[in-house]
Amino acid sequence: MNRSRVITIARHEYRAAVRSRVLLALVAILVVVTAASVYIASVDYSSKLADYQAYRAAAQAGGLKQIAPSPLRLLSLLRGAMEYIDIIGAIIGITLGYLSVSRERANRTLALLRSRPVSPGELAAGSALGALAVISTVILATMAVAVVCLGLVGHDWVSSAEIVKLLLAFAASIIYMGVFYCLGAVMTARSKVAANGLMFALGIWLVVVLILPQIGDTLDADNQVPGGLFSALTLNKAQETKIITKFGTYETVRRDIEEASFAKHYERFAFAMTDVQDKYQGLSLSELLWKKHNDIAWMVIYPLVLGFALVRSFRRQPAITQGVNP
Amino acid sequence: MIATIAAHQMLSLRRQRIFLAVLATLMAMTTLAGLIGWSSHQTIVRVYDEAVRMLGAQGKPAPPNPFVLKPTLSLLSNMAIYIPLIGALLALILGHLSLADDESNGVGRLIFSRQVSRRSYFFGKVAAAAVVLAVILLVSFLISSVSLVLVNGAAPTVTDFLRLAVFYVVSWLYLMLFALIGMVTVLLTRRRSLALLAALGVWLVLTFAMPQFTSGLRPTASLNPITDPVSTSQTFFKVTAKARPFSVSEQYKEVSARVLETGASESTSATVLRVVPIVVLLGVLMLMTARLVRRHDYSRSSADE
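Residue numbers (the numbering used here), protein chains in the order written: chain A, 1 to 326; chain B, 1001 to 1305.
Read the hints as simulated data drawn from the structure, not as lab findings. Please read all numbers here as calculations on a predicted model, not as lab measurements. Just to be clear, a hint being listed does not mean it is correct.
Only pairs whose alpha carbons sit at most 27 Å apart, straight line, appear in this in silico BS3-like list of lysine-lysine [to be verified]:
1. A:K246 with A:K279
2. A:K246 with B:K1060
3. A:K279 with A:K291
4. A:K48 with B:K1242
5. B:K1238 with A:K48
6. A:K242 with B:K1060
7. A:K242 with A:K279
8. A:K237 with B:K1060
9. A:K48 with A:K65
Could you build all of it, start to finish, from the sequences and the hints given here?
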């Protein structure tokens, strides 16, 4: 694989993507809704933080030696941002993949490229690299807006330990959107009419991102009552676990439905990195990563499978036009 | 002429694989909605029995059963999620295909070389979308009714049937919104993909962004029929809550919850008022589509991408 050819294709991919108005519109929607969701959460956090600081000052003034640590988790305010990347980020990925193929087809440059000494692997790697650069820019812009919002509105800045976890969540987001980029490109490349490929990719997105997690969530016994079933039944965690073990098959089916969704793996990992769930409180980063090894494994397998499919799709593109409309 | 255009449109939709695929997904999910409702309901009942046994052994009093007096139609509460998700996307694709195909394969140019008025064309297309969505929802209604009979072991009462019918009528109005959004975006853009993605952008804003701005509902909370109450006491929500009546997806879910009796009850007039924004938006979109069809340049073919 020739590195300079790959980089040239990647540069071309990046430049062409940022010129697309539709992509810019989707990115703008993502950034605006993320900023709004973090703003809403930060306003609430700010008042809770002020309450805690007042309690702390009063406790110190009263000479109290043991002061309860803050129950607030700054990164959990990014939950909305992660959920929007989960839903809108995937669509941006698909759009990038679609544009990547349809643009070259419409301009008849795909056939031209295939007639040059550029291997399908180089073409796929260059396109994917360019797309990943675009995705990284989008994620960085989104997260920068979110983190600044946390500081300015929530009056609390991200610590160095939190930055590492945040970077891991960013990396997962890039991989997640990259997988959907591959899906969009593969489906478009396989369709005679590019717009149909886009529609099929969106159909898969609907199942993977919305339907499968929705079924899993709805089947979760604890989600059946507002505030949680086990809380309504006044059961503690140990009692909850004891009862759940009696519904082994049901829970296995429910979990398998969720496992089938790549979006759910991303969500679980991103939520663990951004302190959304109580159960991961107090764990070190290595413990956290070990707990999430299953989700990490899926986040490695999916890109590999779709990356391979992308190379295959580019290999199948004809090297010369065959007298039909692209 | 309106009937001819509508019939042609329905015939062409039957040949669209993507339309059939999304339709099959909606039908499958309608069937699954009853099954999921039944399965989760049975599990909750068994969890409750276990909890009563466990607390009894510890000498603690049994908590009230959270499912006592749960209405019959609550088994279908998931439909109020599938319609705005799968149904709305199906309607977007339906509206998109109705006009985009005519643009890209030159049928539009051919039609208007004949004595066909723009008015007939517009009404034909809208009628086709309305009939197709009505048939889809009628089939959904039948599947839901059969699910209720199978799961509850008894036929629903006349009132329940009427409630279910009202739910599907409101759903039809709601889906018509998205069919028209699919058409409007085709008429406003030059490329098919741009039209489809613009329509999808509108759907994202209406389904996920608006409920968060006006009610603090997180995006994934919109995927569960049971949502935890969200604190909206902030100044931000005091301002944005004023726009809540215009958040059509929230109004649709609220109406569904009242009709299927899964939410807190309210007066009939209050529920009817919630449908008004959907009807008003429908009217606005109809006028907009009619105006755009009248002004559209069909001599220019749009790009196939």
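Legend entry - Numbers of the earlier hints that this structure fails to satisfy, in rising order: When the structure is compared with the hints, none of them turns out to be violated.
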